[in-house]
Every structure is written in structure tokens, then in C-alpha cells.
Amino acid sequence: MPRMTVNGEAVEAAAEPRLLLSDFLRHTLGLTGTHVGCEHGVCGACTVLIDGRPARSCLAFAVQCEGAEIMTVEGLEEGPLHTAFRRHFALQCGFCTAGILMSLTAFLRETPRPSEREVREVLSGHLCRCTGYTPIVAAALEAADA
Amino acid sequence: MTGGERIEDRALLRGRGRFIDDLPAPPRTLHAAILRSPHAHARVGRVSAPEGVRLFSGQEIAAGLRPFIAVLRTPMRHFPVATGKVRYVGEPVAVVLAEDRYRAEDALELVEVEYEPLPAVVSPSAAIAEGAPLLHEAAGTNLANRRRFSYGDPEGAFAAADHRFAIEVRYPRSAVTPIECFGLVAAWDPDADAFEVTAPFQGPFALHPVMAAALGVPANRLRLRTPPDSGGSFGIKQGLAPYIVLMAAVARLAGRPVKWIEDRLEHLTAAGSATNRETRLEAAVMADGRVTALRYRQLEDCGAYIKAPEPATLYRMHGAMTGAYDIPNLEVENSIAVTNKTPSGLNRGFGGPQVYFPLERLMHRIADRLGLDRLEVLRRNLVKATPHRTASGALYDSGDFGAVIDLARPALDELHARRAAVRAEGRLYGVGMAAAVEPTVSNMGYITTVLEHEQRLAGGLKNGALAAATVAIDPHGGVTVTADSIPQGQGHATVLAETVARMFGLTPRDIRVVTEFDSARDAWSIAAGNYSCRFAPAVAGTAWRAAGSLRDRLARLAAARLDLPLEDIRFEGGMVGAGPDKEVPFARLAGLAHWSPGTLPQGVEPALRATEFWSPPELGPPDAEDRINASAAYGFIFDICGVEVDADTGRVRIDRYATAHDAGRLLHRPMADGQVRGGLSNAIGATLFEAFVYDEAGQPLAGTFADYPPPTACEVPDPEILHLESPSPFTPLGAKGIGEGNAMSAPPCIANAVADALGVEDLELPLTPARVAALLP
Ligand code: FES
Ligand code: FES
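So the protein sequences, as listed, match chains A and B. The numbering of the first sequence is this note's numbering, which starts it at -1 and goes up by one. The numbering of the second sequence is this note's numbering, which starts it at 643 and goes up by one.
If you're looking for bench data, these hints aren't it; they were derived computationally from the structure. Predicted model only: the values in this text are computed from it and were never measured. Glycine included, every Cβ here is placed at the ideal spot set by N, Cα and C. Take these hints with a grain of salt, some might be off.
As the list claims (entries may be wrong) - Label-pair restraints from in silico Cβ distances: (1) C1356(B) x E76(A): 25 to 31 Å; (2) A861(B) x D49(A): 37 to 43 Å; (3) D1116(B) x E114(A): 43 to 49 Å.
Unchecked claim - Partial chain A-side listing against chain B, Cβ under 8 Å, derived: (4) V9; (5) F59; (6) V61; (7) M69; (8) H80; (9) R84; (10) F105; (11) R107; (12) E108; (13) P110; (14) R111; (15) S113; (16) L121; (17) Y131; (18) P133; (19) L139.
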């Protein structure tokens, strides 16, 4: 029965030791905004914030997160990043988007005035098949400027 | 042109999308895991598991099924699960069910299968060679089909040519792997003897009767629904069809609903890919660079089974084998092989890359061999005027190809200057270009080009491409639109809302687009689905026409009500009529039709719901001479790029990419550009990084995104996108396709640039650093 905070709410739910955090969030808690694209740590779709840091929820077990603060896409406040994504058409199917929003949120907090190169490097931890990345880069730079 | 924000984005950005694995499963659902073959070729013996494992063997499942029907009638029977023999690594052998996915995967470990391995054959040329191991003994050969075609007088042209130049290409297998894998929920209703399946299947719905027939039920007993959202497809989710049959059959056997979510390993090994193809292309060339004839010898590798709609990859381009060029004489020999690899299927660009790579590489070579300017040779051969009928029957509908090239001309000049400057510093820099015609809205009859004409006549000639859309107006004037397009991220809801809003003088917000598709309720036909860029040219136009017929009804109602001549009625700003004092709110008018059907003027139909079907009349069946217009409209693309090759590592960096398009009328410019960027990034992956490689024994070498690496934000450049809009006369809104073109044009464009940088003639994809390093001067 791991206890943690998810999007600011205290959560306690049964979890077998092998239950992945991604499955715990999606299927135990019903927070299906976090997506799973590979389950081997490459695509970045499942990225959430664990204690403020981006982490692949497909590579963590729910029980490891005892006492942690988890933030998922559902917990993000609507802000400049969302607006910029809409303005720049930075998503198509939207399957990769949640993970990217989580990484960029953490990144822009630490690097409020990033260069394009830095944004591209952060994004290189995420696969997007639809957009060709440029609109995402543009959205991130605009959100940083906002 | 419109181009507002996407309706889809708010939910997706807040994590409120509804993808297949997000939907609640029906009560008592069991979760499936598939036991897959570890062998490329083997006989399957006993399949067993300890008591308590809910196991369904291939034999057991197939006993209730019929083999898939196919265009090519061969004795190569195909079931969604192996029976007796496995023919590729990853082929389903059995299914186990459990209370959740973890337990289902645990149970897989307990299943024992007796295999008797057999020698495998991996390359198509080896497969059709004498003495190769046979995949389907009943067929007696691995050559599923061979046909020869001749148009004009290729022999005469080759005899009269000043030169003959040839190129040989082994085009590898790759796939645009969506980030969301497959998934579905299947249930069987014993009382109705009917199946219900929810899956992000993308069509073509020509496969719906194929699936129903495999299940042994009439098509009205296979209800297929799609979830509201799908995490990309790019063709590959057509490959859900066999799994729909497999899991529906298992749900019937188990008497419980079954849910299956594919994992990435399964996807990369068994979901399917574009075909690999071995091509020899020869050109008859005059001294001035004019090409008078082409001769293709293509050997297609469909993998272990010719899975419907294959061999469509080989025939989609059949009318357009001369690409963007006016070449009157053409000879084509098409052979189709089966090998011990995953069955091929739809993928972005569908059949285009395999043709344009040899063609555009050869045009580059012709110029170089003759010492002529590459662009000059390209232009000399270009189709000069449209409409243009190609040698093999395509009807290029519209556009001025030369004018599109002119758009990109300044960028090309700049690249040449840049090349000179970079080379002066001793670095390796190359410039490439490629021209391509992008076919859009597939003719459902083109696949029958693989048959002899007599066979076609016997089976009934096939042609056309029906699109369907429904528009309904409720008593408060709310407008609802459904269409047979099955979006997978392309923003169809936004474009449909904007299109229909325009017809009624409303705002997109007034329109609700329902993207979940339901085969039991929605209007559809076999062409339904999301492929061959049919949305903008066919589906959006059909919705426009459906809205138009309702507008006509409302206009007559308004004219009678306001006592105005019909021609004065306008729809603007939510009002209908002829300006202040002579108008009525759209919503009132709609209410009238619903509440007072008895008082409507004579001849005005009260129903405010219209379903429209549309099929382009230009799409005839293949004629007796095998000429086929395989698509309704044809866009044009001219791409240029500059690449720098790292002289130490062989790494290719795309320095600049410009792509000029004529996609007809653009319905939503930012999304059209999004299609270009996405298609280009997929093509960069296929050109530089991705390939499904198999070892000699038929073992796939890529099971993760680490071994099959799609490009990231660091490898994909920001392209310069240029547009010319020549509306197609054949589509309701004048739109042509734009989503697939760069998948066709970019591989040869980049390869031409790399060849230019290295000063070499022959290149094989993907151009990985190791491969390029071996070619360094
Ligand atoms: S699902 Fe976790 S990185 Fe891909
Ligand atoms: S938007 Fe589809 S994968 Fe990124």
C-alpha cells in the first residue's frame, strides 16, 4: 500500500511490488493522461515529475514512490506552455504530449531563458512521430518568453 | 483559407484524451497476451500449459475461422494465428487470457510449444531462387505473382536511345511506428451471434468484410467502433485487422470480453512495415538528357503472407511509374515474393518511396553521366502541362510543375553557393533534389491491376472511392458532423468544423464533430478510413456537400418564411435571410423544421439530417491494356536539401531543407505544414536511421527504440515550406493530399545530396554513420 501525493492529493492504494508507476497512475488511479509508448525508457511518453524531477514512470515501480510527490499532466496548471502548444500546433495525435509537457515544465523552471539548442536537447529524450518537433521547439521558446 | 486553433488540443493538453487503453473495459473483461513464434520458420507441434492457464492454441482458434480472402487467389492460406507452421518471428501461436495483463504475461511463460525448426529465407531474390525453402508448400513456390506490362513502345525507344543508364536498389523495410501501439477490446454477443470490437483501426474499410468473412459472419454482425483518439498510425494500424479477428475469435471461445494492448517489442517485430523491394530501373536517354523510356524490374517482398490489402504497395503507384516526367514508353515487370519476415502493410508514402528512390536517384545519375546540369535534366523531362495522362494511365489533374520548381529556385541557388564555400574549407557538403507526384484518394480498383484482365472481368470490374459524411442540425440549431475519416491526429474535427461552419455562416464553435466511428450507425463504404490523404480532398468535401444540401433546405424554408426570392438568402453571422429586418436566426429556422414539420412550404423536406456519398468519376477500373488511374488527384512536390557529412564519423547532418508543394487548395495551412513536417521527419528516419534488419536465420534485430531509432529533435531540421495552390478540378473543395509526399520525395533528395557530398554513385538506405563512413573518400 504505497502512500504518496499525486497532483497534490494524498493517495493510498494497493499495489503489487512489481506494478509499474505508469500502470499504477493509469489503471489504479485512473489518471490516463500519462501515456505509455515503449515501456523501456526510450520514448518519454510516460514522463511524470517525481519530487519535481522528470522521470520515466515506466521505469519506476509504484512502491518505490512511497512518500514521493508525483505530478502528472492532469495536475499541471493551464499556463503559457499550453497556450503556446495550441498556437504553434505543437501536437497532432497528442500521444507524446503529456510527457513532453512534464519535461518542459521542469526544464523551463530551471532554465527560464533557454536557447533553441538546449530545448532540442531536452526534447531529444522524447519521441514524437507526428510533428517533426519544430512546432514543439517553437512553443517551448515562446512559453519561456511569456 | 482558414487555420484556427485545433478543437482537439484542449483535451489532449490536459490529459483528457480518450485512447483505446484509457477507455473503461466492459464488465468481466479478460486480458490477453499473445504467445509468439521465436522461429522464422518451423513446424508447430503440441501447444500445452498446466491446468488453470486459460490457453487457446492456434489450432483451436483457427478451427472457428476461415482463411482471409485476398485479391490474389493463391494457395497461401493466412489465418491471424499460426496453424501447423510458423513463418516469421513474432507470428501468433496461441493466446492466453487472465484477469490482468501482468497475469496474462506470467501465464505465457507456462505455455510449452513443440517446434521443429525449418530453414528460413530472408531476401526476396533468395526466396524465388531454385531450391529455396518453401513457405507455403501448397503453393509450390515463393513467387506469389509475376506480371509484365508494356505501354507505348519501350523496345523501340531503347533501340533508338543514345544512352541507357540503369540503377539497382535494395529498398529496406521501415515503418513510421506510432507512439501508441495497437490495442483493442473485443466481445461476442451469443444471442445476436454478433461481434463488437473497439479498436483504433484506421481503415481501409475494404478490410471490414474481409474480417467478417474470416469470422464467418455477415458484415452486419461485426460492429467495429473506434475510440475518440488514436495515438498516430501512419498506415500501420491497418495491421489491426488480423488482431481484430484473432481477439474476436478468442472472445467467442472464452465467452467473455477480451482486451489486448500490444507492447513495443510486439509492435516492432510483428505489427508490419512497408515492403522492402529489389528494383532494377533502366532508362533510355537521348544525348540532351531526355528520357524516352523506363524499364522497371521490381521484386516486392510482402513477408510471410500476402496480407490484405497487399499487394497494394506494389500497385498504388502503377499509373504513376514515370513520376513527375513526361515519358511515353514504359515497361514494368512486377514480381511478388513471400519470405520469412513479418507481413507488410500500409505505411506513410505507401509504395511511393520504393518507386521514387530509384527514379530520382537515376535522374541524378543521368545528369552526372552526361555532364549536364541536374536541374536542367529534371526540367527537360518534366510534365509540361496538366491535365496529363501518363503512359500507364494516371490522370495528373492540375498544376504547373515548373512553377513549383521556380518557388524553390532561390533556395537552390543559395545552397549551391553554400556548398562551394563549405567545400573550400575542405569539408564534405552535398546538394540534392527530387521531384515527385503525390497521389491522393485511392481508386479501390487499382489493386486488381495485379490480375489479368480476364480475371478482372470474371470477378467484376472494381473502381471508385466512396467517401461519406453526415451533417445533422438539432432543434436548437446545433450542428453535428460525422464522417468516415477515422482521424489519428490529423485534426479532422477542426477542419470539418471550419468547413461546415463556413457553409452555414456559423463559427466552428457552433459545430460539434464526433470522431468516434461506429460501423453499425455511421455511413461508410469500403474506402472509408484514414489513408492515401483522402481526408481533405474527399471527406471534407463530402461533408461540405452534405452541409450544402441542408443549407439548400433551410434556404427554401427561409425564403418562404421571409417572403424573399431564394437567391437573396444568405447565411451570415448566425442569421439567415437578406440583412436586417429580413432575416431569422439560424437556430429559429432549425427549430421550425423540427417543431412545425406540418407547416413547411410544399416540397421542403423537413429532415435536418443529410448523408452524402461522393466518389470521383475519374476513377475507372484498369482497362484491357492495364492502364489505371489509381488516384483521384495528384499533388506535386519539389524538394531540395544541403547536407554536410562528417569526414571522421560519416554522420550526415541535414543543413537545410526546402520543400515546395502544390497540394491544391489548402484547407488549413498550419495543419498542412504540420503534415509536411511530420512526413519529412519520418522520411529522415527512414533515410538515415531506421531499418528492420533480419539476420540470416530470419531473426529480427530490432526489438526496442534503441535498435530501431526514430529521429529526435536534434536530427530533424526546420524545413522551409513553400506552397502553390492549383485547385484540383476533381475534388469538391479543390484540395489534394499533402501528408504523404515528403515520405516519397525526401529519401532520394537526401540520398542525392549525400551522393553529391561523397562523389559516389551507389548508396543503400539507411545512410547510417557506419555505412557512410565506409564510403568516405
Ligand atoms: S513508455 Fe516510458 S519511456 Fe516509453
Ligand atoms: S503528436 Fe503524435 S507522437 Fe507527438
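Cross-check of the supplied hints:
1. A hinted range of 25 to 31 Å holds for the C-beta pair C1356(B) and E76(A), which are about 29 Å apart.
2. Taken as a hint, the range 37 to 43 Å is violated for the pair A861(B) and D49(A), whose Cβ atoms sit roughly 53 Å apart.
3. Between D1116(B) and E114(A) the C-beta distance comes to about 48 Å, which sits within the given range of 43 to 49 Å.
4. Taking 8 Å as the C-beta cut-off, the interface hint given for V9(A) is violated, the closest approach to chain B being about 16 Å.
5. Below 8 Å, beta-carbon pairs count as interface contacts, and F59(A) has none with chain B, the closest being about 12 Å; its hint is therefore violated.
6. The beta carbon of V61(A) is not positioned within 8 Å of any beta carbon in chain B (closest approach about 14 Å), and the interface hint is therefore violated.
7. Taking 8 Å as the C-beta contact cut-off toward chain B, the hint placing M69(A) at the interface is violated, the least distance being around 11 Å.
8. Taken as an interface hint, H80(A) checks out: its beta carbon lies about 5 Å from the nearest beta carbon of chain B, inside 8 Å.
9. Checking R84(A) against chain B: minimum C-beta separation of about 5 Å stays under 8 Å; hint holds.
10. For F105(A), the interface hint is violated, since its Cβ never comes within 8 Å of a Cβ in chain B; the closest pair sits about 13 Å apart.
11. Residue-level restraint check for R107(A) is violated (minimum Cβ-Cβ distance to chain B is 18 Å; threshold 8 Å).
12. Checking E108(A) against chain B by beta carbon gives a least distance of about 18 Å; that is not within 8 Å, so the hint is violated.
13. The restraint placing P110(A) at the interface with chain B is violated, with a minimum CB-CB distance near 20 Å, outside the 8 Å limit.
14. For R111(A), the interface hint is violated, since its Cβ never comes within 8 Å of a Cβ in chain B; the closest pair sits about 19 Å apart.
15. Using the Cβ-Cβ criterion of 8 Å, the hint placing S113(A) at the interface with chain B is not satisfied: the shortest such distance is roughly 13 Å.
16. Nearest Cβ of chain B to the Cβ of L121(A): about 4 Å, under the 8 Å cut. The hint holds.
17. Nearest Cβ of chain B to the Cβ of Y131(A): about 4 Å, under the 8 Å cut. The hint holds.
18. The criterion of a C-beta within 8 Å of any C-beta in chain B is met by P133(A), whose closest approach is roughly 7 Å, and the hint holds.
19. Annotation: L139(A) was flagged as interfacial toward chain B, and the flag is violated, the nearest CB pair being 12 Å apart, outside 8 Å.
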